[in-house]
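Please take these sequences and the hints and turn them into a complete structure.
Going line by line, the protein sequences match chains L and R. Quick note, the first sequence lines up with residues 1 to 265 if you use full-length UniProt numbering. Quick note, the second sequence lines up with residues 1 to 290 if you use full-length UniProt numbering.
Keep in mind that the hints were calculated from the coordinates and are not lab data. Virtual Cβ for every residue (Gly too), placed ideally from N, Cα, C. Heads up, some of the hints might be wrong.
[Said to hold, decoys possible] Listed next, the in silico DSSO-like pairs over lysine-lysine satisfying Cα-Cα at most 27 angstroms (straight line):
no., chain 1, residue 1, chain 2, residue 2
1, R, 14, L, 71
2, L, 177, R, 76
3, L, 180, R, 277
4, L, 180, R, 141
5, L, 177, R, 14
6, R, 58, R, 76
7, R, 264, L, 180
8, L, 177, R, 105
9, R, 76, L, 180
10, L, 199, R, 141
11, R, 20, R, 58
12, L, 177, R, 260
13, L, 177, R, 264
14, R, 277, L, 177
15, L, 199, R, 58
16, L, 180, L, 71
17, L, 195, R, 105
18, R, 277, L, 60
19, R, 223, R, 141
20, L, 71, R, 105
[Stated by the list, open to error] If you want the ones that stay clear, here's a sample from chain L, every Cβ over 10 angstroms from chain R, calculated:
no., residue
21, 117
22, 140
23, 187
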Amino acid sequence: MIEKMIFGRYIPGDSIVHRMDPRAKILFVFIFIAVVFVANNALTYGILLGFTLFVVFLSKIRLYFLVTGLKPVFILLIFTFLLHIFFTREGDVLLSIGFIEIYEEGLRQGIFLSVRFLVLVFITSILTLTTSPISITDGIETLLGPFKRVKLPVHELALMMSISLRFIPTLMDETGKIMKAQMARGSDISSGPVKERIKAVVPLLIPLFVSAFKRAEDLATAMEVRGYRGGEGRTRYRQLDWGFKDTFSMALLVGLTAVLWYYRT
Amino acid sequence: MDILLQDVGYSYAKDTPFEKRALHHVNLHIPSGSYTAIIGHTGSGKSTVLQHLNALLKPTEGTVMIGERKIEEGTKAKNLRDIRRQVGIVFQFPEQQLFDETVLKDIMFGPLNYGVPEEEASRRARELVQQLGLPEDVLEKSPFDLSGGQMRRVAIAGVLAMEPDVLVLDEPTAGLDPRGRREIMDLFYRLHVEKGLTTVLVTHSMEDAARYADQIAIMHGGKCVVTGDPVTIFSNEEQLHDYRLEPPRSVRLQRQFEEKMGIKLDAISLTEEALAKNIAQALQKGRDAE
Chain L
1 MIEKMIFGRY IPGDSIVHRM DPRAKILFVF IFIAVVFVAN NALTYGILLG
51 FTLFVVFLSK IRLYFLVTGL KPVFILLIFT FLLHIFFTRE GDVLLSIGFI
101 EIYEEGLRQG IFLSVRFLVL VFITSILTLT TSPISITDGI ETLLGPFKRV
151 KLPVHELALM MSISLRFIPT LMDETGKIMK AQMARGSDIS SGPVKERIKA
201 VVPLLIPLFV SAFKRAEDLA TAMEVRGYRG GEGRTRYRQL DWGFKDTFSM
251 ALLVGLTAVL WYYRT
Chain R
1 MDILLQDVGY SYAKDTPFEK RALHHVNLHI PSGSYTAIIG HTGSGKSTVL
51 QHLNALLKPT EGTVMIGERK IEEGTKAKNL RDIRRQVGIV FQFPEQQLFD
101 ETVLKDIMFG PLNYGVPEEE ASRRARELVQ QLGLPEDVLE KSPFDLSGGQ
151 MRRVAIAGVL AMEPDVLVLD EPTAGLDPRG RREIMDLFYR LHVEKGLTTV
201 LVTHSMEDAA RYADQIAIMH GGKCVVTGDP VTIFSNEEQL HDYRLEPPRS
251 VRLQRQFEEK MGIKLDAISL TEEALAKNIA QALQKGRDAE
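As structure tokens, then:
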């Protein structure tokens, strides 16, 4: 299961989305997050969903993979959907079984919220799936560049981010390894009664923390040994290149906003 | 307990873009009571095979027979606990699995999970600590206060305390000093003989494979390409070379000796001791002839 998780993973590829400037992609995602809230009826949500699927198509990432990889998110999604269905009491009653009454507005809100959530998760996942952690960090660092004037430690923030992104897969692998070692000693977190599983968390978490701290220390030493002194005067090997497709993606986003604005009620 | 791998294939992260084929049609028979060494170049699939031996991984193709149990792709996770008690695995860098407050509790963790009574588990822990050459007072210490070598021994004790029938070792001595290596490997061998264990050793060390094993399997590119006894395997240097392996040091020294001296020793020397004996014999023979 763990190896199917896709948070923070990067799949190398050569689609148009992969080749976009990371700055454009990050800007795109942030603007998109705001734009999502413009939608407020069936048509506009439909447009949003269609647009998102179009982006997924462009990124050449298989929808099936995206869906299986985001399984944990769907559990959350279903939960919020049910909350809305049961607790919104507006509009006509659609269905009543015993004391459970489902209202029209509840269903509407439930579906809209789920679509909104889904669209956001898809677009942000596409960002991390098509952009290597290094590019993301480079992008964020340049985007935040202006804030250096107000003494914001931009380089350090970017570094922290890239380190945490970099270590997600490592820690995942390690979790898998320790899980197996403890399973071999008869403590199984992935099956058995809930009480047993909760008990199995401690033998998993403690070794994980121990090794995470050790890794952090090793990394700090390794950086210091190689003379790392922060971003001051540091030049870059990878140059960012804002091209036509990046401008075009921004235009596409403006277009989407305009359409949504026009059709919203 | 016999372990039989039949036509086993395994892919990591199946059905995702990260899918990676690790094993192709592996056939391997580990007879009960044997000491089998699995050798091969880095990335040849050794560690993946190892995880099939107690159903931590289930084959995506083919079957694994562990004793009477048959493990296939769809085998349910239930009832695998029993197999895991019978087949103990010492993973690479096992000290990473230590977690409990005291060494004693950590060693007792495995046995208690399998329903061994507390007194018995504690008795085993005390005995093992002694066998592994750790000081008695280590039992009440936190495992995180120990030295690397001691942590390794404690972790090994944690696996041995389950008293498995089959002991699977994945590079158990990686990163230890030569003397510690030898001590631990000798201990495993002693247990193998005394308790009649079936032992599987996954290793990079040809010396260890030659010294202890009675069966050797060579893995190459996710396939189990050759199995045989150490004498046959290490006599065929060309074959070893094809799989990017070298014969053990003692054999290499024997070849150099033979070349320099222009005499052929009677037998292949799998250990330094055997080499010394063979050379002494050859010299004696030479002297007798004079």
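**Report entry** Straight-line alpha-carbon gap residue 58/R to residue 76/R, limit 27 angstroms
**Finding:** 10 angstroms, holds
Query - Restraint status (C-alpha distance of residue 264/R to residue 180/L at most 27 angstroms) - result: Roughly 49 angstroms between the alpha carbons, so the hint for residue 264/R and residue 180/L is violated.
Requested in this report: Starting from residue 223/R, check that the Cα of residue 141/R is at most 27 angstroms away, please.
Outcome: Violated: residue 223/R and residue 141/R sit about 44 angstroms apart, past 27 angstroms.
Query raised in the report: Would the pair residue 71/L and residue 105/R pass a check requiring their Cα atoms to be no farther apart than 27 angstroms?
Result: Given that 27 angstroms is the threshold and the Cα spacing comes to 37 angstroms, the pair is violated.
Requested in this report: Below or equal to 27 angstroms on CA atoms is what counts here, so check residue 277/R against residue 60/L.
Outcome: 66 angstroms, violated
Query - Distance restraint between residue 277/R and residue 177/L, which requires alpha-carbon spacing of 27 angstroms or less - result: 44 angstroms, violated
Query raised in the report: Straight-line Cα separation of residue 177/L and residue 14/R no greater than 27 angstroms?
Result: Within the cut-off at roughly 18 angstroms; holds.
Query raised in the report: Is the Cβ of residue 117/L more than 10 angstroms away from each Cβ in chain R?
Result: The claim holds: residue 117/L sits with its nearest Cβ about 23 angstroms from chain R, beyond 10 angstroms.
Query raised in the report: Does residue 177/L pair with residue 105/R here, judged by a C-alpha cut-off of 27 angstroms?
Result: 21 angstroms, holds
Query raised in the report: Any Cβ of chain R at or closer than 10 angstroms to residue 140/L, or is the non-interface label fine?
Result: Check passes; 25 angstroms lies beyond 10 angstroms.
**Report entry** Assertion that residue 187/L lies outside the chain R interface [Cβ separation over 10 angstroms]
**Finding:** At roughly 5 angstroms from the nearest Cβ of chain R, residue 187/L sits no farther out than 10 angstroms, so the non-interface label is violated.
Query raised in the report: Taking 27 angstroms as the top limit, are the C-alpha atoms of residue 14/R and residue 71/L close enough?
Result: Distance ~16 angstroms between residue 14/R and residue 71/L Cα, so the pair holds.
Comparing the model with each numbered hint stated earlier shows that hints 3, 7, 12, 13, 14, 18, 19, 20 and 23 do not hold.
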